[in-house]
Amino acid sequence: MKKFIANTEIDVNDEGYLTDFSQWNKDIGNELAKEQEIEMTDKHWEVIDYIHDKYKNEEPLSIRGIKKSGVINIKEFYALFPAGPLKKATLIAGIPKPKSCI
Amino acid sequence: MKNLVILGAGTSGTMMSNHLVSKLPKKDWKITVIDQYKTHYYQPGFLFLPFDIYTTKQVKKKGKKFIPKHVNYIQEKIELIVPENNQVKLESGTTLNYDILIIATGTKIAPDEIEGMNGPEWHKSVFDFYTYEGAKALRNKLRDWKGGKLVVHITEMPIKCPVAPLEFAFLADSYFKNKGMRDKVDITYVTPLGGAFTKPKATEALHYLLEEKNIKEVTDFNIERVDYENNKIIDYADTEVEYDLLVTVPTNMGDALIERSGMGDDLNFVPTHKATLQTKDYENIFAIGDATNLPASKAGSVAHFEAEILTENILRFIEGEPLKEEFDGHANCFIETGNGKALLIDFNYTHEPVEGTFPFPGVGPLKLLKESRTNHMGKMAFRWIYWNMLIKGIHIPFVSATMSEKGKEFEKTT
Ligand SMILES: Cc1cc2nc3c(=O)[nH]c(=O)nc-3n(C[C@H](O)[C@H](O)[C@H](O)COP(=O)(O)OP(=O)(O)OC[C@H]3O[C@@H](n4cnc5c(N)ncnc54)[C@H](O)[C@@H]3O)c2cc1C
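Which chain is which? The protein sequence lines are A and B, in order.
Numbering that gives the first Met the number 0 numbers the first residue of the first sequence as 0 and each following residue consecutively.
Numbering that gives the first Met the number 0 numbers the first residue of the second sequence as 0 and each following residue consecutively.
For the record, the hints were derived by calculation from the structure and aren't laboratory data.
Do not rely on the hints blindly, as some may be mistaken.
As the list claims (entries may be wrong) - Here chain B is said to cover these stretches of chain A; the calculated rule only asks that three of the stretch's residues, wherever they fall, bring their Cβ under 8 Å from a Cβ of chain B:
hint	region
1	61-73
2	77-84
Stated by the list, open to error - Cross-link-like lysine-lysine pairs, in silico, PhoX-like; alpha carbons within 20 Å at most:
hint	chain 1	residue 1	chain 2	residue 2
3	A	Lys55	B	Lys231
4	B	Lys273	A	Lys55
5	B	Lys88	B	Lys76
6	B	Lys273	A	Lys53
7	A	Lys96	B	Lys279
8	A	Lys74	B	Lys231
Note that beta-carbon positions come from the ideal geometry of N, C-alpha and C, so glycine has one too.
Build out the structure end to end from the sequences listed, making use of the hints.
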């Protein structure tokens, strides 16, 4: 479905995740964060950068991966993106919700 | 004479040695398979052992019995793979050379990954059922447990047979009902995922079962530690779940051998091409079953489908032909729902579990995503099929390696 945000039209799925990463930019990230009641700081963006890196290299995201990321520890990750940090961070980053394989 | 070496004689390694022995000319190829244990365990049986449905005898047999005569079987711990030299080193110091290597070392639980899990309460009030020892200790505990809070818990994904913990919760419900003490037991299912199942379609179909059986659900729970002194598990968001009896599935990791050899990812799984089963780093090394990093279920049925395709690809590799990119992640598994019923699901990399019937379109006899007694019989028959057909590499009639779309109502995953 279509969504209008940060003066741009984007395509999202029914959970609000972008379906086309090329539509993403930082302003959209900021607005998506606000909808999650998150005010983005430099530390937040550092995490988003890390997530984009993983996404571009087709490496799966996991809580374990965060622990080894060198960017942040898990406690901080929860503090920045409260309740379901991986889900929220990927939503803001404009990439699909991580699916753990079955 | 050339050497083909198989590491691990579990489900996959045993199957591969049976497949290959009849395909590779004996005058040119020597096949060797190595495993550290004398016993071959029927791991799906570990789900039933705690509830006294299976006996210990039904889940273990001597491994050698299933290895064909013409295969060289070595019972020893594998120390190291040295891919640069095409060599494998065993614990005793023996070195084996290989032309082709198949890694089939599976996955095992790593309770040390979580603080307090493998502590003084391990196998006293904190149990696993993914090992023979754990399942048996839990059986003894359940036999005279007086009731209380039972927590069935998954530490992190991926785990082998991802539905087993849910089945455990269902079987526990029937077990305590049959013992006339269900009212004394409170069952909670705790998962790091957003729902009881990882595929949305199956979550939808399975959720009613949790309600019907009065099993509580705690989702998105990423465990930080087990506080065994105060009987609770605590996650990174500081959510706490209390237990009297914790049945957990610890982190699943590939064998330390893979780490020692520098061949694995964060969880010691071997990076493998998902359609050909060739490893990403070495063209004469292949991997199969739970040891790979494939985004498919870690299950015996998956290994069975993989084995057929891997056999073909090994033959092609020897002939210098291009490998077949055929594996589609096909999995099918029975899900025990308790009270003598089960459901069957069938899916692959791209298709979600579907409704329909299997293996005959429209007729069955097995019902996909619907609870039935026939499915339960299917699950029980699986033990016989496992020992007598599956690991011997005998083709199971009507069941093909890639997923059939007949008789199923499809919906593509996005
Ligand atoms: C509780 C439970 C329920 C299950 N239910 C089902 C089910 O209903 N249906 C289904 O299809 N699957 C089920 N499974 C999964 C199934 O058992 C596995 O997916 C299957 O056994 C994988 O086969 P594998 O050969 O890859 O690994 P394994 O069978 O685990 O074999 C690996 C072998 O490698 C050996 N090995 C490892 N490292 C070394 C070393 N360094 N030196 C020497 N030897 C080594 C091990 O000793 C082992 O024998 C279940 C599993 C569990 C635990």
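Quick rundown of the hints versus the structure:
no.: 1; hint: 61-73; in the structure: holds (count 6)
no.: 2; hint: 77-84; in the structure: holds (count 4)
no.: 3; hint: Lys55(A) with Lys231(B); in the structure: 39 Å, violated
no.: 4; hint: Lys273(B) with Lys55(A); in the structure: 19 Å, holds
no.: 5; hint: Lys88(B) with Lys76(B); in the structure: 9 Å, holds
no.: 6; hint: Lys273(B) with Lys53(A); in the structure: 19 Å, holds
no.: 7; hint: Lys96(A) with Lys279(B); in the structure: 26 Å, violated
no.: 8; hint: Lys74(A) with Lys231(B); in the structure: 19 Å, holds
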